[in-house]
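Visitor: Sequence:
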Amino acid sequence: MAGFDLDFSEIKDMSVTDGKYEVVINSVAEDATKGGTQFINLDLIIRNDLKDQKFGNAHIFTRIFKSKKTNKYPIGMIMTIAKAAGMKDKTHFDSLEDYFQKLWHRPALVTVKNEKSEYNGKTYENLNVKRWEVSKFPEVQHKFKDANNQQSNSNNDPFANGGQSIDISNDDLPF
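Residue numbers for the sequence shown, in our numbering: 5 to 179.
Simulated from the structure, these hints should not be mistaken for laboratory data. Remember, predicted model here, so these are calculated numbers, not experimental data. Hints may be right or wrong, so weigh each one.
Calculated cross-link-like contacts (lysine-lysine; reagent style BS3-like; alpha-carbon spacing at most 27 Å) [unchecked claim]: (1) K55 x K147; (2) K134 x K55; (3) K92 x K140; (4) K70 x K87; (5) K73 x K120.
Please put together the full structure from these sequences, using the hints given.
Guide: Spelled out as structure tokens, the structure:
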């Protein structure tokens, strides 16, 4: 591999600033904290198909926690996200997993705000989703990182190409 020189003028700030962003829902899954508190974890990607939008491809992570009183997810939040994702009223879901699957790669418009929070005496900076709205650009042309460009075997072994050579041009390198 050829050498390279550092050029700090090429640094891109990926700290998403407060504002409204057109996003695509990259993934939705149920998870839990180390303490066992369950939540829905949403991974949103700022769309790269809208040229006037900053921070294209940056991820916004947001969580919906179960209520401590009811041990259920807040139904209003579940409905808000579905509406923002363009789902039709009265749509039936067979399960929470079915709901997650139907959210996959749907567009939405979110308003985010950088906020400080304190937990166990430590201060954290968080990017929080403050509002969900229906996308103004429902036709998604976002280009996802292509999983097919990576090795397609299940163990992701980079050397499992059967001894075939790989051609890499200078255009393929990130620098």
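Visitor: Any hints this thing doesn't respect? Which numbers, in order?
Guide: As far as the earlier hints go, not one is violated by this structure.
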